[in-house]
Amino acid sequence: MATTLTDTALLRLLQLTSPALPVGGYAFSQGLEMAVECGWVTDAAQTRQWLEQQLRCSLARVDVPLLLRLHRAAREGDLVQLRYFNAYLLACRESAELRRTETAMGEALCRLMPELGLALPAVGEPLGFTTAFGWVAAHWGIDEDTAAHGYLWSWLENQVAAATKLVPLGQSAAQRLLGELLPVLVAARSVGARLPEAEIGASLPALALASSWHENQYTRLFRS
Amino acid sequence: MTSLVAPAAVAAGTWPASLELRLAAREGATRLVRCRHRGPLYVQRAFYPEGEEHAHLYLLHPPGGVVSGDALSVSVHCEHGTGALLTTPGAGRVYRARDTLPEQRQHTRLQVASGAALEWFPLETIVYDGACVDLLTEVELEEGARFIAWDVACLGLPGSAAPFTHGSFCQRYRVVRDGIPLFVDALQIDESNRRELLDGPAALRGNPVCGLFLAGPFAAPAEDSLWDELRALAEPGQAAISRVGDLAVGRYLGASAERARRQFSAWWQRLRPLLLGREACAPRIWLT
Numbered sequence: 001m002a003t004t005l006t007d008t009a010l011l012r013l014l015q016l017t018s019p020a021l022p023v024g025g026y027a028f029s030q031g032l033e034m035a036v037e038c039g040w041v042t043d044a045a046q047t048r049q050w051l052e053q054q055l056r057c058s059l060a061r062v063d064v065p066l067l068l069r070l071h072r073a074a075r076e077g078d079l080v081q082l083r084y085f086n087a088y089l090l091a092c093r094e095s096a097e098l099r100r101t102e103t104a105m106g107e108a109l110c111r112l113m114p115e116l117g118l119a120l121p122a123v124g125e126p127l128g129f130t131t132a133f134g135w136v137a138a139h140w141g142i143d144e145d146t147a148a149h150g151y152l153w154s155w156l157e158n159q160v161a162a163a164t165k166l167v168p169l170g171q172s173a174a175q176r177l178l179g180e181l182l183p184v185l186v187a188a189r190s191v192g193a194r195l196p197e198a199e200i201g202a203s204l205p206a207l208a209l210a211s212s213w214h215e216n217q218y219t220r221l222f223r224s
Numbered sequence: 001m002t003s004l005v006a007p008a009a010v011a012a013g014t015w016p017a018s019l020e021l022r023l024a025a026r027e028g029a030t031r032l033v034r035c036r037h038r039g040p041l042y043v044q045r046a047f048y049p050e051g052e053e054h055a056h057l058y059l060l061h062p063p064g065g066v067v068s069g070d071a072l073s074v075s076v077h078c079e080h081g082t083g084a085l086l087t088t089p090g091a092g093r094v095y096r097a098r099d100t101l102p103e104q105r106q107h108t109r110l111q112v113a114s115g116a117a118l119e120w121f122p123l124e125t126i127v128y129d130g131a132c133v134d135l136l137t138e139v140e141l142e143e144g145a146r147f148i149a150w151d152v153a154c155l156g157l158p159g160s161a162a163p164f165t166h167g168s169f170c171q172r173y174r175v176v177r178d179g180i181p182l183f184v185d186a187l188q189i190d191e192s193n194r195r196e197l198l199d200g201p202a203a204l205r206g207n208p209v210c211g212l213f214l215a216g217p218f219a220a221p222a223e224d225s226l227w228d229e230l231r232a233l234a235e236p237g238q239a240a241i242s243r244v245g246d247l248a249v250g251r252y253l254g255a256s257a258e259r260a261r262r263q264f265s266a267w268w269q270r271l272r273p274l275l276l277g278r279e280a281c282a283p284r285i286w287l288t
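Top line first, the protein sequences correspond to chains A and B.
Counted from 1, the first sequence has number 214 at position 214 by this note's numbering; the numbering is strictly sequential.
Counted from 1, the second sequence has number 274 at position 274 by this note's numbering; the numbering is strictly sequential.
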């Protein structure tokens, strides 16, 4: 895939996907903390499997196709579509924790953006982070494919950072893991871009269980 | 003993079947005002074990399973003010597909009007090794409609006698309210990802039985004590329940369809009085 990105759009992408963006992504482990507690994820190899499965079976089939549609709705200023796909996005989140990750980070980004001169639209419901990300990317001139790569990267980096604390992983192992999962990330973008709307959706039952149990995990570092 | 191959009578040809039900409120009673069927899929009559406001209906499908080329279609429309519980007397079976006619389909569409309540409790679907099936359940709610539903799938025969080692299984569940999605779940297993989904750490983890329980929508934020109770009812290590938006979403992942149903039934007994204003009343057919 060849992309043409202006210098400014590239820099805006780095800003939008930076861990320093104050949206609180670092506060959520998205099921990983409980998966570690259950003994499902105990080393770098299992972390890789855990993340690879989500990239292939969930992000490629939910986040990417919806982000692309949300980006398009933002470009066209189509608030009806934006509201519909935002609801679709939240409908695909399998537990209170996963939904709160979307809405808490979405709310934070919506709060931040007016300070940067870009207000997000009100559609009557809270915007998910994916929705807000798509809107900001579209308005900063980041094309949809690049936005999808950036979105996936920021999810992956956040999960690997959580794994570094939880599993735990060494700093070098974490960086190696990011590199190993890049081809999976690129494939997820490409699968998601081809998915027809009727097929958008995923089911990862063990992730849903872990994430639901997390709400009541006795001691935890991450939010639920 | 469950047979490994489809009964000859069923295998002989493809058997499209459809059923269209419409429930309407008549002088405080829920009546089956339309019951159209084509092929071997029907309802004999409504039962009223808990009074005439809430009908119990049994969906009968004498072949008991679907083979290649079969297309089953069920449509249920609950008008304003009606209440109904629908169940099936036996497990649904999806047999091994034949090479020439691979696709097996089942489409269920449940429409619930404002002020109506629908409970949809089919027994488990047993998916035989080599099946190639597409199951779609669409729940269309109006504002003010309530529903409780569950779905249990067994991949391969119980007891690992014949695991699901080839074929495809696509099961989609979509709930919308006034056209806006509330819940979407899609388990899509095919040749390219079967091992990954059946054994993968975030997917089925080698468990053959996977179940989904849904109830709602709940208007007010639920009390913490209720959720503590619901969670306390969950079988440790195999089931969990979470509030996802306006819905209660429960899951079971394990080895037994019966345990999945027992789990969902426990949640149902706790939630039914809150959502429907009725105590749980098990359909008689479950007791036989």
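Accuracy of the hints is not assured; some may be wrong.
[Claimed, not checked] Label pairs and their calculated CB-CB ranges:
no.: 1; chain 1: A; residue 1: Gly141; chain 2: B; residue 2: Asp178; range: 43 to 51 Å
no.: 2; chain 1: B; residue 1: Gly206; chain 2: A; residue 2: Leu14; range: 38 to 46 Å
no.: 3; chain 1: B; residue 1: Arg98; chain 2: A; residue 2: Ser190; range: 27 to 35 Å
no.: 4; chain 1: B; residue 1: His166; chain 2: A; residue 2: Pro19; range: 22 to 30 Å
no.: 5; chain 1: A; residue 1: Gly24; chain 2: B; residue 2: Arg31; range: 50 to 58 Å
no.: 6; chain 1: A; residue 1: Leu79; chain 2: B; residue 2: Ala280; range: 37 to 45 Å
no.: 7; chain 1: B; residue 1: Asn193; chain 2: A; residue 2: Asp78; range: 52 to 60 Å
no.: 8; chain 1: A; residue 1: Gly124; chain 2: B; residue 2: Asn193; range: 35 to 43 Å
no.: 9; chain 1: A; residue 1: Leu221; chain 2: B; residue 2: Arg36; range: 40 to 48 Å
For the record, the hints were derived by calculation from the structure and aren't laboratory data.
Nothing here was measured: the structure is a model prediction, and the numbers come from that model.
From the three backbone atoms N, C-alpha and C, an ideal C-beta is built for every residue, glycine too.
So, going through the hints one by one against the coordinates:
no. : hint                             : result
1   : A:Gly141 to B:Asp178: 43 to 51 Å : violated, 35 Å
2   : B:Gly206 to A:Leu14: 38 to 46 Å  : holds, 41 Å
3   : B:Arg98 to A:Ser190: 27 to 35 Å  : holds, 33 Å
4   : B:His166 to A:Pro19: 22 to 30 Å  : violated, 43 Å
5   : A:Gly24 to B:Arg31: 50 to 58 Å   : holds, 53 Å
6   : A:Leu79 to B:Ala280: 37 to 45 Å  : holds, 43 Å
7   : B:Asn193 to A:Asp78: 52 to 60 Å  : violated, 33 Å
8   : A:Gly124 to B:Asn193: 35 to 43 Å : holds, 37 Å
9   : A:Leu221 to B:Arg36: 40 to 48 Å  : violated, 57 Å
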